[in-house]
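K.L.:
Below, each chain spelled out in residue letters.
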Amino acid sequence: MTNGWIDIKNTDMMLIMGGNPAENHPCGFKWAIEAKRTRNAKMIVVDPRFTRTAATSDLFCQIRAGADIAFLGGVVRYAIENNRIAKDYLINYTNAAFIVKEGFQLPEDGLYSGFDAGTQTYDKSTWNYEEGGDKSGEAATAAPARGHTGGATAANANAASTGGSAASQGQQPGSGSGPGLTGQGYTGMGAGGAKAMEPTKSAPTLPGKVAYDLTLQHPRCVFQLLKQQYSRYTPEMVERITGVPKDQFLKAADTFTSVRKDGDMKKVGTIMYAVGWTQHSFGTQIIRTAAILQLMLGNIGRAGGGVNALRGHSNIQGATDMGGVFDIWPGYLKAPNPTDTDLATYLKRVTPTTSKPEHWDSFNYWSNTPKFTVSFLKALYGDAATKENDWAFNYMPKVDRNYSWTQIWDAMYRGNVKGMFAFGMNGVAIGPDSQKNIDALKKAEFLVVGEIYPDETSEFWKSPGVTPDEMKTINTTVYRLPCAGFAEKDGSMTNSARWLQWKNVAVPPPGDCRLDQDIVAQIFLKVRDLYQSEGGKFPDPILKLTWAYTNTLHPALGDLAKELNGKALADLTDPKTQITIKRGQQLPGFAWLKDDGTTSCGNWIYSGCWTEAGNQMIRRGTEDPAGQGIYQNWAWSWPANRRVLYNRASCDPSGKPWDPTRKQVWWNESAQLWQGNDIPDFKPDSNPKDHMGPFIMNPEGVGRIFGPLAAFADGPFPEHYEPIESPVQNPLHPNQSNNPVVKKFKTAADKYATPGDGFNIICTTYRMVEHYHYWTKNNPMNVQLVPEAFVEIPVELAQELGIKGNDKVKVTSARSFYIAKAFVTKRIRPMTIDGKKVYQIGIPIHQGYRGIQEDADRNARTIANRLSPTVTDPNAYTPEFKGFLVKLEKA
Amino acid sequence: MSQSTLAIRRISAHAGAAPGENVERDELVCKLIDTTTCIGCKACEVACLEWNGYTFTETVFDNSYQTMPETTWNYWNLIKFNEHEREDGSITLLMRKDQCMHCADPGCLAACPADGAIVQYTNGIVDFQQQNCIGCGYCVSGCPFDIPKFNPTTKKMFKCTLCVDRVSEGLEPACIKSCPTGCLHFGTKDDMKDLAETRAKQLRENYGIEKAGVYDPAGVNGTGVIYVLHDITNPEAYGGLPKNPHVPWVVRIWKGPAKWIGNLAMLGGLLGVTLHYLRYGPKEIDAEKHEGEKP
Chain R
1 MTNGWIDIKN TDMMLIMGGN PAENHPCGFK WAIEAKRTRN AKMIVVDPRF TRTAATSDLF
61 CQIRAGADIA FLGGVVRYAI ENNRIAKDYL INYTNAAFIV KEGFQLPEDG LYSGFDAGTQ
121 TYDKSTWNYE EGGDKSGEAA TAAPARGHTG GATAANANAA STGGSAASQG QQPGSGSGPG
181 LTGQGYTGMG AGGAKAMEPT KSAPTLPGKV AYDLTLQHPR CVFQLLKQQY SRYTPEMVER
241 ITGVPKDQFL KAADTFTSVR KDGDMKKVGT IMYAVGWTQH SFGTQIIRTA AILQLMLGNI
301 GRAGGGVNAL RGHSNIQGAT DMGGVFDIWP GYLKAPNPTD TDLATYLKRV TPTTSKPEHW
361 DSFNYWSNTP KFTVSFLKAL YGDAATKEND WAFNYMPKVD RNYSWTQIWD AMYRGNVKGM
421 FAFGMNGVAI GPDSQKNIDA LKKAEFLVVG EIYPDETSEF WKSPGVTPDE MKTINTTVYR
481 LPCAGFAEKD GSMTNSARWL QWKNVAVPPP GDCRLDQDIV AQIFLKVRDL YQSEGGKFPD
541 PILKLTWAYT NTLHPALGDL AKELNGKALA DLTDPKTQIT IKRGQQLPGF AWLKDDGTTS
601 CGNWIYSGCW TEAGNQMIRR GTEDPAGQGI YQNWAWSWPA NRRVLYNRAS CDPSGKPWDP
661 TRKQVWWNES AQLWQGNDIP DFKPDSNPKD HMGPFIMNPE GVGRIFGPLA AFADGPFPEH
721 YEPIESPVQN PLHPNQSNNP VVKKFKTAAD KYATPGDGFN IICTTYRMVE HYHYWTKNNP
781 MNVQLVPEAF VEIPVELAQE LGIKGNDKVK VTSARSFYIA KAFVTKRIRP MTIDGKKVYQ
841 IGIPIHQGYR GIQEDADRNA RTIANRLSPT VTDPNAYTPE FKGFLVKLEK A
Chain V
1 MSQSTLAIRR ISAHAGAAPG ENVERDELVC KLIDTTTCIG CKACEVACLE WNGYTFTETV
61 FDNSYQTMPE TTWNYWNLIK FNEHEREDGS ITLLMRKDQC MHCADPGCLA ACPADGAIVQ
121 YTNGIVDFQQ QNCIGCGYCV SGCPFDIPKF NPTTKKMFKC TLCVDRVSEG LEPACIKSCP
181 TGCLHFGTKD DMKDLAETRA KQLRENYGIE KAGVYDPAGV NGTGVIYVLH DITNPEAYGG
241 LPKNPHVPWV VRIWKGPAKW IGNLAMLGGL LGVTLHYLRY GPKEIDAEKH EGEKP
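Each protein sequence line maps, in turn, to chains R and V. Counting in this note's numbering, the first sequence runs from 1 upward without gaps. Counting in this note's numbering, the second sequence runs from 1 upward without gaps.
Hints are computed from structural coordinates only; laboratory data are not their basis. One thing to keep in mind: the hints can contain errors.
Unchecked claim - Result set (BS3-like, lysine-lysine): computed pairs, CA atoms no more than 25 Å apart in a straight line:
no. : chain 1 : residue 1 : chain 2 : residue 2
1   : V       : K177      : R       : K503
2   : R       : K387      : R       : K537
3   : R       : K744      : R       : K418
4   : V       : K177      : R       : K826
5   : R       : K689      : R       : K209
6   : R       : K810      : R       : K837
7   : R       : K246      : R       : K837
8   : V       : K211      : R       : K251
9   : R       : K418      : R       : K462
Build the full structure now, drawing on both the sequences and the hints.
P.N.:
See below:
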């Protein structure tokens, strides 16, 4: 979340789309209700089903799964056409006025400039700003950026050799890894520089001085391109693609953009989303469209505004923050690749340089990347990390290809991954294509599962369909390690609002159960012993790893938290304030980090969580003097305990709050400082006259309406593409229906359906409030509330197929089938998509072949994700769990 | 609130005044359920089970999110889910937490023939005292909301107690405590009524929900559980909430006029017997006749 759960209470307008917070985040949803109760806030819900969130909304639109970009693009167009724009914000805080290079082309035929059909990648050199100064007088003479008329441009020799696209993980809210995860990085943190895989030398960079036109008239300025891009997203086109009737769409667009009626800046709107947006083969771009809309409306950085990723697990935010994905290190530092032969090369590639109009200022906070990196390496290797050995940079693995979730399973299916440690997740049930994952595990040599229940993954060898004879042929050794549950561990969890909240142990783990960190520590120590005694090809990365925990066999999470926070490795003095930190002391925050080896820090964004003053995450202060739900003394929020990100943008360019009744931060002229109820997310002494941009993590200093260069694999603006399995051809460009850079998997298990094969019902998967993923089917209380697997089917479709409520039905996809009871409902209605009648059905994901009901044989023992396809978003690599094709019949 | 809230106002089938009645002035307690902010999460269902010590019951999916068709003797709190077509043809999902309404004029108590099996405390809570219950089920016929349920094992009747054990210790009922959105409120009847009316007004004036209103039916003299409904004219749409609930006439007549007629008839009979005795004296046995009857 750019903002936080409690902050939702400050809003005047909510758009909830791609998420179902009433059911999946019921405790956080109280703040949405609070906004309705205390501010008369309006709530718009857009979803394929009328959910329990929709039941509390003021306006509901039933959308086709996977048509979100078309809907949001239509709202962008509506806002432009009706002048519902925050003009000063748009000009000063976004790149709307920046001029894009000549040669850039919009995807009128479905392709941006630079596409290479052979590698299915883009040469992004034209996706860049033009170098220069003020171009406001040149509007009349410049050539517009028309769309293609021909096919793709010539192959990009530079990109051709790359093995799979690398990540821009964490560059935008919503980048994430693995199913069920929505990532939320530090918006726009990327350098806009080269992607991990692309050869360093030829990678284009952003110009230092960007050409601009503050009148927004230049035909190649970002705003004009935006206008042109979404001019095609008319209400009629929105209806054709999304199935939302034109009048309903217009009502939703009018309601949401009404916060900026006549340009008045007082009101604020928020957008909330979850995995209903991320789990598409264009998921990142849906979130981008939301970010563009919010930038246009001036809603980011403001109390009650923002683009808010609602996380589906208690600590998913923490997992991404800690680098729980293959292509980032903790704190969203980019993982090095094989071209990074030394630290300097790596740092040159990943440290952005400012790119802005000459007379503006940009903090470009990522210019501190070397400090974060060296401090991270010092945390890992301590005294073994020296200036001479590049701070042990070469001990770190270099990411040579895509190792995302589906790639790991695919590699195991192909026999290339020999074993797996599965902790805190149920990989078979998560899918996609659960049967492929089961078949992959059959080929593995070993599987280690750390869980609190026996789950589908650890019992893959007795999944439905495995005969006793086949069982004998499965040679995978399965180690089942009983782990501790959440109430049996201490430590912090990072919630959607970026709060690190420390919890204490409630009860000790039962029986032989052990703490996850103990298991991992003890395996590590054994491996280290083996390297010690037997040597190996490259033992140093293991042997020299610091392990300075009080109890090496049972590392206390407090010790780890201190390591993440970082400490001084020499006496440090701040030249401005003369404040000194002694060697060995905990650092107060990341501003103290150095690139000369005098500081260590395991995760720079968590620096400040455990200072000399102690554990900040355990704080439970309930003071909220401003009444905005900031709660500065409750737990600790990254970065630097800020609660609303980019809060400089809550003020006008002169430093005065847009809405005096919701003052977050402001410029204090007499003190020459930024002050506030929240901690300013800004350079504290930057005078507004210097025009420093509020989006300090972008090298431009401003919000990116146009995502330049390698920020995104599939285009600088979002474009509507059809899901990989879709009942229609893309009405915008039938010849380029799907996301052009999305690659299908190619094993025998990977089958993809078309309506021509008889698969013409759209299926979407979801979670219910009564269950928590695949766990609570082991808990009687939850099982009682929703005892059986079901499929939600529109009344009209049920009638056509002669299906009655509670009948047993079979859902079949190109991959496999699913059997459950029919839930015939009026809450999903038939839709008309591009003139064609289309039905959608929905399947909760919670059942499987291991649980109370399953063990008692009261369930068909199929897993919902047997149906879903292995295909992913090209930026965050999240699988497309929403919107694939199936057949339906009575079982 | 303290233990004094356990002072009793009314007792079923009890002769004479209830002990404690009118001893002190007590506020009526009230639960407010705002159906317009209920998300149907069932936290209240689970909290109710856990507080009252009930465990797993086997349930069966029945084409609904609803846990079971009706409340049971050991499942006192149930969200009723109803797919509802609005006048403009759009669909909505109405969710209403169903439980004992704690009527000011409780039909169950009126119908109950067992002395002390049902009591109404001075704070308005209507509570079953299972040790006095004879399991006759008359309370069912007295209840306009179909709430009391029979436990076939113990042959006793059960229903929501409004967590009288918590309330008497100054705590809110378990369902209120668990509600994540704050659609449930607990306080005095006056405060809850005020809050409910304010919310209904907000819905009418700021959200264009013209028929929003407060359900506090006069037929049972008001209830200790009140609802804010989107459409006060159609409570039936919320899973069978009666529009004009009242204690059935049978119960009223039976425990009212019929009771007195019965009493009068009984008294009349006794009077007749007495008068007959006074007038004719004791019945004398006709020895001769008896003798004559002998064979």
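K.L.:
Now tell me, hint by hint, if it's right for this structure.
P.N.:
Hints and how they fare:
no., hint, result
1, V:K177 x R:K503, "21 Å, holds"
2, R:K387 x R:K537, "24 Å, holds"
3, R:K744 x R:K418, "23 Å, holds"
4, V:K177 x R:K826, "33 Å, violated"
5, R:K689 x R:K209, "19 Å, holds"
6, R:K810 x R:K837, "21 Å, holds"
7, R:K246 x R:K837, "16 Å, holds"
8, V:K211 x R:K251, "22 Å, holds"
9, R:K418 x R:K462, "20 Å, holds"
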